[in-house]
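Heads up: the sequence lines are chains V and A, in that order. Take 1 as the starting number for the first sequence in my numbering and just add one per residue. Take 1001 as the starting number for the second sequence in my numbering and just add one per residue.
Treat the hints as calculated values from the structure; they're not laboratory data. All values reported here derive from a predicted model rather than from experimental measurement. All C-beta atoms in this analysis are idealised placements derived from N, C-alpha and C, irrespective of residue type, glycine included. Wrong hints could be hidden among the right ones.
[As the list claims (entries may be wrong)] Within a straight-line C-alpha distance of at most 27 Å, the following computed BS3-like cross-link-like pairs (lysine-lysine) qualify: (1) K287/V <-> K1128/A; (2) K287/V <-> K1287/A; (3) K1287/A <-> K1340/A; (4) K340/V <-> K1287/A; (5) K128/V <-> K199/V.
[Said to hold, decoys possible] Reference listing, derived: stretches of chain A covered by chain V, where coverage requires no fewer than 3 residues with Cβ under 8 Å from a Cβ of chain V: (6) 1207-1213; (7) 1231-1244.
2 protein chains.
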Amino acid sequence: MPTITSVDVIDVRFPTSATLDGSDAMNPDGDYSAAYVVLGTDDDLTGYGLTFTIGRGNDLCVAAARQIAARLAGRDVDALAADLGGLYREIMADSQMRWLGPEKGVVHLAAAAVLNAAWDLAARRAGKPLWRLVADMTPEEIVAACDFRYLSDVLTPAEAVEMLARLHPTREERVAELAEHGYPAYTTSPGWLGYDDGKLRQLVREAVADGWTHVKLKVGADVDDDVRRLSIAREELGHRNLMIDANQVWDVPDAISWVNRLAAFEPLWIEEPTSPDDVLGHAAIRKAVAPVGVATGEHCHNRVMFKQLLQAEAIDFCQIDSCRLASVNEIIPILLMAAKFGVPVCPHAGGVGLCEIVQHLSVIDYVCVSGSLEGRVLEYVDHLHEHFTDPVRVGGGRYRLPEAPGYSAQMRPDSVEAYRYPDGPQWAKQ
Amino acid sequence: MPTITSVDVIDVRFPTSATLDGSDAMNPDGDYSAAYVVLGTDDDLTGYGLTFTIGRGNDLCVAAARQIAARLAGRDVDALAADLGGLYREIMADSQMRWLGPEKGVVHLAAAAVLNAAWDLAARRAGKPLWRLVADMTPEEIVAACDFRYLSDVLTPAEAVEMLARLHPTREERVAELAEHGYPAYTTSPGWLGYDDGKLRQLVREAVADGWTHVKLKVGADVDDDVRRLSIAREELGHRNLMIDANQVWDVPDAISWVNRLAAFEPLWIEEPTSPDDVLGHAAIRKAVAPVGVATGEHCHNRVMFKQLLQAEAIDFCQIDSCRLASVNEIIPILLMAAKFGVPVCPHAGGVGLCEIVQHLSVIDYVCVSGSLEGRVLEYVDHLHEHFTDPVRVGGGRYRLPEAPGYSAQMRPDSVEAYRYPDGPQWAKQ
């Protein structure tokens, strides 16, 4: 019966702005960072979770996560693991903290970090990877762990149980398939806006050689540059899939004209064409740029926003983020709604640890929720995996099924020490 | 040529949870709080601004405001006052901080506090109340200070100039009218959920005696209680206006059935029937509960959400909040959009300082933007005004026009000292 005896939240930042890795039209100089939660116990067991930011303000998420996580000290791990829905509701019910959102911004990011750590702890306690912890739950158990508040006009808990029950008997077939073939992925690594044409061409060429069938490029700073860069990428890709990502730089009319200018390069999707809050704007853009698809979600702050993106038929691809949404509890209802509306979930990843964490959610989507790989590709970015103890394994354009217990969010202790902000040696020397 | 020489942000909290003032179905025990920004100069001039929270997490807004405001140290006050649009854009352009929203949650609340202080400083420097500072600006100057990003599908800056120019020649007529008669208001003071029936009846009766024509009650915890409480209020109010406020407790179907159960009491509006993020949900509720109107906005986090509430015909009353939106720069575009759609703006107030601040915005709406008082009532709550140096003056159901220079956000120094959290004497003794 282990008990949580320590709650630590650490500000970890990587100076990625120095190399323009991760540069896009909205975010020219991010320092990829994590508010990193460590739940220690009196046993040989620790839970790890994080939320991802791009530098300044990571301290705010750390401070918020400390306040939210403080309640976990002294808790029995097995009781916690048996009622992760209860923990979620307890965190969300703090009305004073709720005022600061509700369910958005720093407080929601921090809640995600804490809940990710709690799910990691539960999975480690069970000796299972996170996806397997969920795949071993009954439909009723999954629904009890989830938040359906504000969703009942689109999806009730009873309907969710039905959906999950339909796929329950065949879960192991899909697990076996993923164990053999892995989960399909795409790469964003070649396409950062700060890279010059030569580096772009070289990286796309390498991506093709490495077996990638889908490659994503950043766009939106200068339309002539975009035409030239897409032309290079299309030459190298041939008939493989090209996606483009504007990171919210456009108003609705600009998005429509700009994307239509780039339509000749046949992008599979335009990602984040405008404000992530603009559900109706995305719907208008989608109508106007078809057959180019519309993708968004990495900045959509909660399940209510995804509900509306689906209701309004605003998106062709649903891009959940594992650290902006409040963990498995909030994300499974989004997977269910997307499945109901027939929209494929293609999660956002990259940053620090997002690939490690979100791969579990794509597995859950396939095994438990949608039962389909059609139109699904999981983002991959080749950054910072070396800092994790159980890094993603990617090859031939696919993620291999994670096998180690937990949610894959544990960072290497030496990395945490080196990049701890502002006192770690990697920052002290700057 | 005064220069900003100090930037101070103070955590001020009032223990309002002890008396159930401010209690509602979502927020049973708020401690009304402010992240209070003080911009000192080398002259006899200081700028004051704040954002409002209800307790825990106020420290997060303070920490964020400190980071955002740090850039103001050393700035020339006249240069700052001459380009408040530039300051706004500079703050919003910090892409690392933007990641934590964007434009929502703790970071946006903190930006509001800092920008409110900058506007206060500019108004004091000009020796004018904030509303007068704006009323003396040309349409072009107002538009230059505002943020139209993501709005151009509904309102362009050029169209905004045209709208403002139409009312420009007659601004002084409306100022004179407000100086004589004041701005129409409503009171929420009688209706907190924690008050018993006797106190409710007594307070509504007193409100009627004091000349109030509009009274708002909290609802949503228990429908039978609501029926009983509305019955009491309706008895005391006669044909005066009754509004009800659910503070986001319902899913969409529940909102519709509950409000229709209360429709017999002929509420003018149902406020916050569901998640503030649910634009389409509000639209569905509005259709289903007419002729009861739908009001929302105190938790709508930015101009993009208001744009959609208007586009979707989801609201009958637009309830801006002076401290959740990023100050005058973001709010005037919302006033303009509401005017274009013919939706009256009835701001949220109460809390700490919200009445003091938002009264200026209603004056700007009437004098510069909509030119109409039809359907407009500004919220009034009789809480905590004694802590301000220029408190609102309310009588006969109307706000009197503010006259002192600034944005009315300065708190009394002795109040700040007494309620400073956690070290002020009012907290140290708890």
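Now for the hints, and whether the structure bears them out:
1. K287/V <-> K1128/A: 48 Å, violated
2. K287/V <-> K1287/A: 25 Å, holds
3. K1287/A <-> K1340/A: 21 Å, holds
4. K340/V <-> K1287/A: At roughly 25 Å apart (the allowed maximum being 27 Å), K1287/A and K340/V satisfy the hint.
5. K128/V <-> K199/V: The hint is violated at about 40 Å.
6. 1207-1213: violated (count 0)
7. 1231-1244: violated (count 0)
Hint compliance for this structure: hints 1, 5, 6, 7 are broken, all remaining hints hold.
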